[in-house]
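Participant: Residues per chain are reported as follows:
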Amino acid sequence: MERKIIDLWVGIFMLMGFVALLFLAFKVGNLGDDRSGASYTVEARFENIGGLKMKAPVKSAGVFVGRVTDIKLDGDKFQAVATLTLDKRFAFPKDTSASILTSGLLGEVYIGLDAGGDEKILAQGDRISLTQSAVVLERLIGQFLFSKAADGPDAPSAPAVPASGNK
Amino acid sequence: MNSMILSVQRLGERGISAVWRAGAMARFFYQILAASGTCIRRPSLVIREIYFSGVMSLVIIMVSGLFVGMVLGLQGYETLQKYGAEETMGVLVALSLVRELGPVVTGLLFASRAGSAITAGIGLMKATEQLKAMDMMAIDPVARVVAPRFWAAALSLPLLAAMFSAMGIFGGYIVAVAFVGTDPGVFWSNMQAAVEFRGDVLGGIIKSIAFGFAVAIIATFEGFDATPTAEGVSRATTRTVVTSALTILSIDLVLTAFMIRGI
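The listed protein sequences correspond, in order, to chains P and V. Counted the way this note's numbering counts, the first sequence spans residues 1 to 167. Counted the way this note's numbering counts, the second sequence spans residues 1 to 263.
The following block holds chain P by itself, in its conformation from the complex (with noise of 0.2 Å):
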């Protein structure tokens, strides 16, 4: 086999192995978009996280701005702690909501940012106060059922508890 032969097929080969690299780090990873180098973190206390989970988006108006890097209980008050890392080219005021939703019926869990009017912004380490827990559902049908039994007999959809009740 001739030398240049070998060097050509090397220089093919390491060539294919670096654009494989790289499709895989930015065509199919996230690389390119990856903006984890300035974020500052905020902590917000739920009364209930349903499913949240560890790296859980953070959305503002439907735009991805941060994670939820870590989840604690507090011993004390029994309220989740949950804390989120945030891009530190958005800054939102102190009184920003941030609530547990879903998305869609079966969609992942994420934790959605609703800005207030508050002239001060959140810097590292504050804390979010204006919290909506997660929506359990079954605490909802729950409820919904407890609050048709309380309607009384002549409610229409009255014989769905005892139905239910069976299940």
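In short, the hints are calculated from the structure, not lab data. Treat each hint with caution, since some may be false.
[Said to hold, decoys possible] Straight-line C-alpha distance at most 30 Å; calculated DSSO-like pairs for lysine-lysine:
(1) P/K53 - V/K82
(2) P/K94 - P/K55
(3) P/K27 - V/K82
(4) P/K88 - P/K27
(5) P/K94 - P/K53
(6) P/K55 - V/K82
(7) P/K120 - P/K148
(8) P/K27 - P/K59
(9) P/K27 - P/K4
[Unchecked claim] If you only want the chain P side, here are some residues facing chain V, beta carbon under 8 Å, derived:
(10) W9
(11) F23
(12) L73
(13) G75
(14) Q132
Quantities reported herein were computed from a predicted structural model and do not represent experimental measurements. We put the CB at the ideal spot given by N, CA and C, even for glycine.
Assemble the complex: chain P is given as a structure, and chain V must be docked to it using the hints.
Facilitator: Chain V in isolation, oriented as in the chain P frame:
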């Protein structure tokens, strides 16, 4: 009673020889590193070996990657469509390839395609006393024969693993878009939203680098350590494939455990 003692003895002998081999392999690794200067001074030696182990494995790696990706796509579609989630097929294919299948299957294929060839080559040189002849001429066989093969294998495997994953994702794309009829934009955007560079892609690259070093050291050591007979070389070749496969899978388990736990 006597046979019991004998079997315990045999167990002990095996244990000692396993530990001895591990130690010899570590010393051999150090020897290779110490003799690697030649590879830097004469890169043509390494390039030649990359041709034989890397370029020659291209076809098998790329074809297997394509097929594995297509099978993943078809199987994934079967299950995902039950939950109405066929749009996430790209995520399934990309994550399983980039994280696991790419590095592991490439490692196994590379060990059987190139690792066995390296062992057989070095073993045959030993059996025909070429290594001894080099020693006589004051040429260090580790620097001239072993180190280039080692570095070629260690360099080739990560590149091949990346190509395997890329081909696999391409195969999954073909199945998703051409066979099933998913929207190509949804395929890519879901994939990009779910695959993280640092956690998933880089993790796969780290794995493939580790496998590359493992296969390279095992293949060269088994060849250099082979009994210099035809039978010894054939045994060494078998051992390369078996040991490489087991090592790759066990390293994979350890690395995956570390990566998933986020340490």
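Participant: Hints the structure violates: just list their numbers, smallest first.
Facilitator: 7, 9, 12, 13 and 14
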